[in-house]
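Those protein sequence lines, which keep their order, are chains A and B.
Read in UniProt numbering, the first sequence has 589 at position 589, and its numbers run on one by one without any break.
Read in UniProt numbering, the second sequence has 14 at position 14, and its numbers run on one by one without any break.
Keep in mind that the hints were calculated from the coordinates and are not lab data.
Certain hints may be false.
Derived, one-sided and incomplete: chain B residues facing chain A with beta-carbon distance under 10 angstroms [said to hold, decoys possible]:
no. : residue
1   : Val-95
2   : Gly-128
3   : Ala-129
4   : Trp-180
5   : Leu-203
6   : Lys-210
Beta-carbon label-pair distances, calculated as ranges [said to hold, decoys possible]:
no. : chain 1 : residue 1 : chain 2 : residue 2 : range
7   : B       : Ser-38    : A       : Glu-94    : 25 to 31 angstroms
8   : B       : Asp-65    : A       : Ile-649   : 51 to 57 angstroms
9   : B       : Arg-33    : A       : Asn-589   : 33 to 39 angstroms
10  : B       : Pro-53    : A       : Asp-242   : 36 to 42 angstroms
11  : B       : Ser-38    : A       : Ile-916   : 32 to 38 angstroms
12  : B       : Trp-180   : A       : Phe-638   : 26 to 32 angstroms
13  : B       : Ser-38    : A       : Phe-638   : 51 to 57 angstroms
14  : B       : Val-14    : A       : Phe-595   : 36 to 42 angstroms
Keep in mind that this is a model prediction, so the values were computed, not measured.
We put the CB at the ideal spot given by N, CA and C, even for glycine.
Each chain, letter by letter, is given below.
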Amino acid sequence: MAAPASRRRGFSLGRSWPLLFVAILALHSLAIYLFTRGFLLTRTELDLHSHRDDRTGVSPGCSSWPQPAVDRLVIVVLDALRFDFVAPSTFFEEKQPWMDKLQVLQKLAADEKNSARIFKALADPPTTSLQRLKALTTGGLPTFIDVGNSFGAPAIVEDNIMHQLVKNGKRVVMMGDDTWTQLYPEHFNKLFPYPSFNVKDLDTVDNGVIDHLLPSLHENDWDVLIAHFLGVDHAGHIFGVDSTPMIQKLEQYNEILEDVIDTLKSLSTPGGPHENTLLLVMGDHGQTLNGDHGGGTAEEVETSLFAWSSKTPPDAVLSVLGENSCNFDLHGKEVCVSTMQQLDFAVTVSALLGIPFPFGSIGRVNPELYALSAGTWDIQKTGINACTPQDDLEAWKKRYAEALCVNSWQVKRYIDQYSGSSIIGFSAEYLHHVAELYSKAQANWSEVLKSTCPSETAKGEEFKESASSALQLQIDAYSSFLESFAKLARSAWTEFDLWLMGTGLLLMILSVITHAYILVRLNAVYQPSDQECASSRIITKLSFAFTLVMIRAASLLSNSYIMAEGRVTNFLLATSCIAGLWSSAVNGNFNIEEFIFLLLNIFARFGIELGMSKQIAGPTATKDHPVSIICDIFGSSFCNASVDIFPIISLAIVTCIILKLITYAVHQRFLKYFIMSGTILSYAFIANHWASESTLLSHAKAVQQTGRSLAPRFVYAIGGLSLVISALWRLFAPVGSLKFNERITSLSAAMLCSWSPVILMLLGRQGAFVALICITGAWCIIMLQQKYQKDSKLEITGSCVANPVSVTQWSLLAICLFYLTGHWCTFDGLRYGAAFIGFDNFHIIRQGFLLSVDTFGVSHILPVLSLPFIAIHCYNTVSKKSKVKDVTINILIQVHLMYGLITAITTTVTIICVTIQRRHLMVWGLFAPKYVFDAIGLLVTDLLICLASLYYS
Amino acid sequence: MGAEVAQIGAFTAVAAHALCLAGLAAAHSLAGRGALVSDPAHALRLLVVCEAPLVIVVFSLLRRDHKRCSFLKAAARGLLGLPIGAFLNAFGAIVLGAPVGTKYWMATTYWSSLMSLFTFVPAACVFGASKVDWQNVLSHSIYCTSSNVVDYMISAPSHGAVIGAWLGAWPMPLDWERPWQEWPICVTYGAIAGHVIGILVSLILVVAHKIRVRVKAD
Numbered sequence: 001m002a003a004p005a006s007r008r009r010g011f012s013l014g015r016s017w018p019l020l021f022v023a024i025l026a027l028h029s030l031a032i033y034l035f036t037r038g039f040l041l042t043r044t045e046l047d048l049h050s051h052r053d054d055r056t057g058v059s060p061g062c063s064s065w066p067q068p069a070v071d072r073l074v075i076v077v078l079d080a081l082r083f084d085f086v087a088p089s090t091f092f093e094e095k096q097p098w099m100d101k102l103q104v105l106q107k108l109a110a111d112e113k114n115s116a117r118i119f120k121a122l123a124d125p126p127t128t129s130l131q132r133l134k135a136l137t138t139g140g141l142p143t144f145i146d147v148g149n150s151f152g153a154p155a156i157v158e159d160n161i162m163h164q165l166v167k168n169g170k171r172v173v174m175m176g177d178d179t180w181t182q183l184y185p186e187h188f189n190k191l192f193p194y195p196s197f198n199v200k201d202l203d204t205v206d207n208g209v210i211d212h213l214l215p216s217l218h219e220n221d222w223d224v225l226i227a228h229f230l231g232v233d234h235a236g237h238i239f240g241v242d243s244t245p246m247i248q249k250l251e252q253y254n255e256i257l258e259d260v261i262d263t264l265k266s267l268s269t270p271g272g273p274h275e276n277t278l279l280l281v282m283g284d285h286g287q288t289l290n291g292d293h294g295g296g297t298a299e300e301v302e303t304s305l306f307a308w309s310s311k312t313p314p315d316a317v318l319s320v321l322g323e324n325s326c327n328f329d330l331h332g333k334e335v336c337v338s339t340m341q342q343l344d345f346a347v348t349v350s351a352l353l354g355i356p357f358p359f360g361s362i363g364r365v366n367p368e369l370y371a372l373s374a375g376t377w378d379i380q381k382t383g384i385n386a387c388t389p390q391d392d393l394e395a396w397k398k399r400y401a402e403a404l405c406v407n408s409w410q411v412k413r414y415i416d417q418y419s420g421s422s423i424i425g426f427s428a429e430y431l432h433h434v435a436e437l438y439s440k441a442q443a444n445w446s447e448v449l450k451s452t453c454p455s456e457t458a459k460g461e462e463f464k465e466s467a468s469s470a471l472q473l474q475i476d477a478y479s480s481f482l483e484s485f486a487k488l489a490r491s492a493w494t495e496f497d498l499w500l501m502g503t504g505l506l507l508m509i510l511s512v513i514t515h516a517y518i519l520v521r522l523n524a525v526y527q528p529s530d531q532e533c534a535s536s537r538i539i540t541k542l543s544f545a546f547t548l549v550m551i552r553a554a555s556l557l558s559n560s561y562i563m564a565e566g567r568v569t570n571f572l573l574a575t576s577c578i579a580g581l582w583s584s585a586v587n588g589n590f591n592i593e594e595f596i597f598l599l600l601n602i603f604a605r606f607g608i609e610l611g612m613s614k615q616i617a618g619p620t621a622t623k624d625h626p627v628s629i630i631c632d633i634f635g636s637s638f639c640n641a642s643v644d645i646f647p648i649i650s651l652a653i654v655t656c657i658i659l660k661l662i663t664y665a666v667h668q669r670f671l672k673y674f675i676m677s678g679t680i681l682s683y684a685f686i687a688n689h690w691a692s693e694s695t696l697l698s699h700a701k702a703v704q705q706t707g708r709s710l711a712p713r714f715v716y717a718i719g720g721l722s723l724v725i726s727a728l729w730r731l732f733a734p735v736g737s738l739k740f741n742e743r744i745t746s747l748s749a750a751m752l753c754s755w756s757p758v759i760l761m762l763l764g765r766q767g768a769f770v771a772l773i774c775i776t777g778a779w780c781i782i783m784l785q786q787k788y789q790k791d792s793k794l795e796i797t798g799s800c801v802a803n804p805v806s807v808t809q810w811s812l813l814a815i816c817l818f819y820l821t822g823h824w825c826t827f828d829g830l831r832y833g834a835a836f837i838g839f840d841n842f843h844i845i846r847q848g849f850l851l852s853v854d855t856f857g858v859s860h861i862l863p864v865l866s867l868p869f870i871a872i873h874c875y876n877t878v879s880k881k882s883k884v885k886d887v888t889i890n891i892l893i894q895v896h897l898m899y900g901l902i903t904a905i906t907t908t909v910t911i912i913c914v915t916i917q918r919r920h921l922m923v924w925g926l927f928a929p930k931y932v933f934d935a936i937g938l939l940v941t942d943l944l945i946c947l948a949s950l951y952y953s
Numbered sequence: 001m002g003a004e005v006a007q008i009g010a011f012t013a014v015a016a017h018a019l020c021l022a023g024l025a026a027a028h029s030l031a032g033r034g035a036l037v038s039d040p041a042h043a044l045r046l047l048v049v050c051e052a053p054l055v056i057v058v059f060s061l062l063r064r065d066h067k068r069c070s071f072l073k074a075a076a077r078g079l080l081g082l083p084i085g086a087f088l089n090a091f092g093a094i095v096l097g098a099p100v101g102t103k104y105w106m107a108t109t110y111w112s113s114l115m116s117l118f119t120f121v122p123a124a125c126v127f128g129a130s131k132v133d134w135q136n137v138l139s140h141s142i143y144c145t146s147s148n149v150v151d152y153m154i155s156a157p158s159h160g161a162v163i164g165a166w167l168g169a170w171p172m173p174l175d176w177e178r179p180w181q182e183w184p185i186c187v188t189y190g191a192i193a194g195h196v197i198g199i200l201v202s203l204i205l206v207v208a209h210k211i212r213v214r215v216k217a218d
């Protein structure tokens, strides 16, 4: 290609470069959309409903939905109730401080074995409240994609218990977590909702529930009462399980439950309002010791359910309940614990209340929970089959078998409907197997019906036994059908659409290849062909940068490396620093920046380890940490004081640096003064906010109030205002007034200064430390880049090629910062607390925006917006002024392209990894969240690059 | 610069490396099987104690400037270089993420001393404070340009040890729950393996160099 032609080509690209980035964004969006469609499958939701008269004349034996067995139902939901909160500590290896706090439940389970029982309830992941509530009421398996809706819960369209309750004239009262009102907007007769999303608030919801719970128990205007407490969940999120607030919460619950049980007992006399009431105290999911939940680990999945019936069933119930897991509690009494699937909850409750089972429920009526209700032991006298068995147990078994009969029929109906209407059904082979199980059980049933209803002649002990065993066989047959279908459903609702996934992946790979091709082409156009030496150096740099990126990308193929991603990234960043130091040692000239960068790596490393220790539970992780060692040496009071003072000091340093940056980088006078005053004001407000939260100083209430809520809002407002001003300046300022590169530094400094206070505010006190690391790191990279540029004597040709190592370091530093700020790639890694800085109420757009700024601020927004600083230094190496703009734009494009390419490569490898590992045990716990974070991160990066290209061009 | 320095033969190079390897092997057999995994600090101490005198003696004999520098002076340089190199290596390891804490610091000290014996001490014995030689040894261009056998003998094993230790860190984050994934066991294995490979490479380079010289002379 001839030289003039190539110049022209480069220039034309310079005009249209925003278009290039828009194209890349579009391609990536399409690829990710397709892949997501294939990977994060939603179940097809059927909006069919069960009806009361569904069963008339269907099959013999079970011609109607089960009769009601309880009159009233009290459900107390304690959010994030771990199994070991309820079960006696003797069931566990070691007694922990949070165990045995709900004494009243343990006592009842030990004293009234016939009517009270503790269950270990196994939830299905994802273990987030919304998904669990949906599963509890529909009896289905909500899929992963719903996690995204957790911030704004949509109403449930599928058939569910609430719908059936309303349809069948039952009155429902709800109090507590307002997620219920979002899920079921029109289902409650009376409701007392309280906002659930302010994680820092431990008491509002609980106090509200307490105010209404006991009075409501005396009322007669409801059939089902739901009380949803949130304190334990919030205490876990903020303080962790092993903390005083958690234990206080549990003790408070113990008192409340004691009151509830006393009230129910006092009203349970024959003829009283609670003569036949079932009390369920249950969790929707568990939590880890850090208070996190969402994944599928045992701690998160194991929650508990306590059931107590006010009417005591006959002693025969004990033979149904079994003694499979019994142990002595602290007082030497025997307590037994059963296990149930949370999936079975909806259908069991429906059977107990005598309402039609939800259409999409795939659970099985749980025998133990069903037996606990005395109502199921009442011998029913139906007209036709008036042959009553003598034995209580046999009568119950017959009733249970009938319930299972209806249960199996309902599940079979769902299977048929689902396979008929859904595009991706179940595998035909397995479906056939399940259908076979059903028809076998059904054939058996008619036999059993005949044999259990004996003719006058065949009576006696022999017959009784055979009938009992036939019933048992029948129950087993239905159970095996239901269980095998539940198993099939569990595996099938993670079926992937490989076509869409493949297309998405292919598009992604293609986009990466094109991306790289454009970059190489640009490089080739601007590469001075006569400078052999320089080009060989660039090739070394390029291959080194590429190796780093590839190692990082390849590390994502293993789950352990994803867990340790922060440390791996830090390792690679440190490697690049050491390599830089090595090469400058070879050249014989050391830079002070290299040593600073190394030291910075050490700080970053400890910060990342501190962040990681929050993710991996347990005190072992923090024991050997230098911070705790320092605390041991100097005592805890010194430690606490320094925790309060250190952020303020570093904030002051950060402010000084930012002001310096403004005076140096912003060349337009009006813009400079505006931004400077905005920055000073913002940082003053941040300091005010932190001071109001600290315990070190005591202030007047009014000061505290303004500091808490008004200061953050001012900061957001100033940030928004300066964004608008700089955009306006960009639009209306005369182009010729400043040199091109001065214009770009002014613009990007303005951009940075409007974003950084907001991000710092959201990050909280750790933010100041992070900001120091961020600024120092960026400064080191820029200085080293400048030195490199000076050394390689590129001013001769007047051309510049961006340094790939700098850009790679930039992106590695960005990822380190993500982990340094205490984030990690799972949904419980989101810092929900940040969304409520300055606001107490939940608003989906506002809080969602703040949360995403907090999540992506320091790792995506700031690095992308400050990319021009790596590019811009080139101007002083260019001799001819006319070329400045041309060269600068070219470098800017290259740097942005490179940064985008690095992100795209990592995301592509994540996608490949997710595709490979889609059957991995941790796919929903680890790989899928990682994919979601990376995909969103890539789109955010692309979008920011697009905006930046528009802004700077 | 290599012209006036007395060249050593390929046989000497082999013997020197063999001595160093023998030290490692002796320490290994003294410590016993699996000692590095069960008690890394003890095993590393043995390795350092056995290897240090050998390395210092061997490379002091190979010192660059025979006229101006006595054997004792070279050995003293090596002894001084041991803690300096250990400090540099420990610093590098901590930058890269080696755990810091009371539980680890003995092991880290011994490990970094061993790394120093692999990397820093030989160069300190041979070159002393000569800046140019140090730069030469650090650079990768030494493999194609150097005319000195000792350069090969120092650079390849030390580069090997560093790269081996770097690669040896990769199993550490994996969740295999094996005892050897602990710091600094697998890193030590990596360093020793890299060092041995480096020694082999340096011997090949020495032989190739000798052949090249002979061809040129003919």
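Discussion item. I'd like to know which numbered hints this structure contradicts. Please list them from smallest to largest.
Written reply: Of the numbered hints given earlier, those the structure breaks are 2, 3, 4, 5, 6, 9, 10, 12 and 13, listed in rising order.
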